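Below are the chains, spelled out letter by letter.
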Amino acid sequence: MHDHFPLPDLELELLRPYWEGAAAGELRMPTCDACSRLVWYPEEQCRHCGASSWTWTAVDGSATLFSWVVVTHPFLPAFADDTPFVTALVALDADPAARLATRIVDIEPEDLRFEMALQLSFRPLRFGGVDGEVTVPFFIPT
Amino acid sequence: MRSTASLPLPRDEWGWAEDYEDISGQAAIVGVGESAHSKASGRTTHQVVFEAIEAALDDAGLAPTDIDGLMYGGQVDPVDVAAFHAHFGTSHDMWESTEGGGMTWAATAPYQAAQALRDGKATNILNSFGVTWATQRAQMVGGPGQSHAAEQFKQNLEVPFGWFPQPVYFATVARRHMHEFGTTEDQLGAIAVACRRHANLTPGAVMHDKPLTLDDYRASPYIVEPFRKEDCCLISDGAGAYIMSTPERARDRPQPVVEVAGVGMGTSVTGVHFAQQPAFTSTPQVYAAPAAFAMAGIDPGDVDVYGCYDPFTIVTLMQLEDSGFCEKGAGGEFVSGDTLHFDRGKLPTNTHGGLLSHSYVLGIAHVVEMVRQLRHDAAAQVPGAEIGAFGGFTGMNAGTLVLRRS
Chain A
347 MHDHFPLPDL ELELLRPYWE GAAAGELRMP TCDACSRLVW YPEEQCRHCG
397 ASSWTWTAVD GSATLFSWVV VTHPFLPAFA DDTPFVTALV ALDADPAARL
447 ATRIVDIEPE DLRFEMALQL SFRPLRFGGV DGEVTVPFFI PT
Chain B
2 MRSTASLPLP RDEWGWAEDY EDISGQAAIV GVGESAHSKA SGRTTHQVVF
52 EAIEAALDDA GLAPTDIDGL MYGGQVDPVD VAAFHAHFGT SHDMWESTEG
102 GGMTWAATAP YQAAQALRDG KATNILNSFG VTWATQRAQM VGGPGQSHAA
152 EQFKQNLEVP FGWFPQPVYF ATVARRHMHE FGTTEDQLGA IAVACRRHAN
202 LTPGAVMHDK PLTLDDYRAS PYIVEPFRKE DCCLISDGAG AYIMSTPERA
252 RDRPQPVVEV AGVGMGTSVT GVHFAQQPAF TSTPQVYAAP AAFAMAGIDP
302 GDVDVYGCYD PFTIVTLMQL EDSGFCEKGA GGEFVSGDTL HFDRGKLPTN
352 THGGLLSHSY VLGIAHVVEM VRQLRHDAAA QVPGAEIGAF GGFTGMNAGT
402 LVLRRS
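First to last, the sequence lines map onto chains A and B.
Here my numbering is used: the first sequence runs in plain steps of one and ends on residue 488.
Here my numbering is used: the second sequence runs in plain steps of one and ends on residue 407.
Hints listed in this document are in silico derivations from the structure and should not be mistaken for laboratory results.
Note that the coordinates shown come from a computational prediction; the quantities given were computed from them, not determined experimentally.
Just so you know, even glycine gets a beta-carbon here, dropped at the ideal spot from N, CA and C.
Some hints could be false.
Partial chain A-side listing against chain B, Cβ under 7 Å, derived [what the hints assert, rightly or not]:
id, residue
1, 383
2, 421
3, 453
Facing chain B, according to a computed beta carbon distance under 7 Å, are these residues of chain A, among others [stated by the list, open to error]:
id, residue
4, 425
5, 426
6, 445
7, 448
8, 460
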């Protein structure tokens, strides 16, 4: 595990464009050069068409709420300061087969609804006891 | 044999079944054994696994020198050939395979074993699996979460957002299943209650002395909504083992013959990345189970007793649907009432208590129980059980094993 776990590892080459995009306020996603679907997660092949090359492209940050849970018990010590929080999977409007694991904020958990419209909100992620901060995509109600 | 798919998959498919040759009737399970199962015990993995192996040898009436094939899989300190020889003081040549162990492979190991038996590579093949994660848990090392946190995409794209570990993943799945199909918490509770009842009847089950009613379940606080602790499997120390041979040799043994009738294995195209799994509320049993039943020449309705890998109640529910015991989405209604109960249910399931209430040995104890059921020697015995099936699972793949009393 890298030094700043559970912050994202900015040294990981494979995802560097993702975090650079986030730092610039953009959702950049790997887009298949052959079929234009999102290659997510960016592994060896696009699972939709089998091609092996993609280009990181800024995409619209609109999404819908696919599912979520309210975490009240910190499963890692680093999460202790944040509980209770909503962790969720959101389906991107740009390609609903691609889901982002994310935090839903600025809304009471009891107001969450399946398929509700969400929009990106980049926030600084920090954990107690861990050095550093990374700008990451959270989601808020549209 | 195709072991990875070529992309793209046919439309609407999200995984594939392994293209297995027909090995029906070419192997039998001749011995089963398990260790004591407990909360943190201070034992090592080798200690618990050898306890199970010795019990299996005793059950089969075999000596260590009779074992000439060894299977194991991903676990801390597996019993491989070197460890086997070091423990028993043996030195003979052995066929060895890493396609064994627990989880999916507790179901599929008999496939490779049948091939090895047929090809004359071995005559008595041992598969074993054990964990001592209850003992290790205090150090917050090892255990089911750690391997997931080490995977690069989970580590960087899921863990930072709190989408971790398994109780969170599967609570997310359960909530989505409830949304898509109307599944209720009481229906998940019915699974927990059936498994606990079975464990209360099974000697050696970790929850043997702890009854659970549906009211108890409802009153139990959430761990991560909608899951209560009773929806989540035990963490315990223990091991299981089983020995396979040909049906001909099985007939020489004192126990009734339990033959391997069918094996199937299915894999999800998104592997361990459940967050991206297209059929989010399904398991690769949609690919594994039909293949196993076809090899065995049976329909799901022919199964007298079922076992499935149950890290969470929702995983049992989905595997029941995906294996064809009921329609997709009808799992909640299917498990309600007495359906899963050994003595009055339409499909007795996890008759030893499962991972939920028996022990956390990742499926190998389910196979041990299935063999006992088909020998008519189980604690919560299903009357006249002739055909049993076990669904093993590990998220990225699943296996189904069909056994038949012969």
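Hint numbers contradicted by this structure: 1, 3, 5
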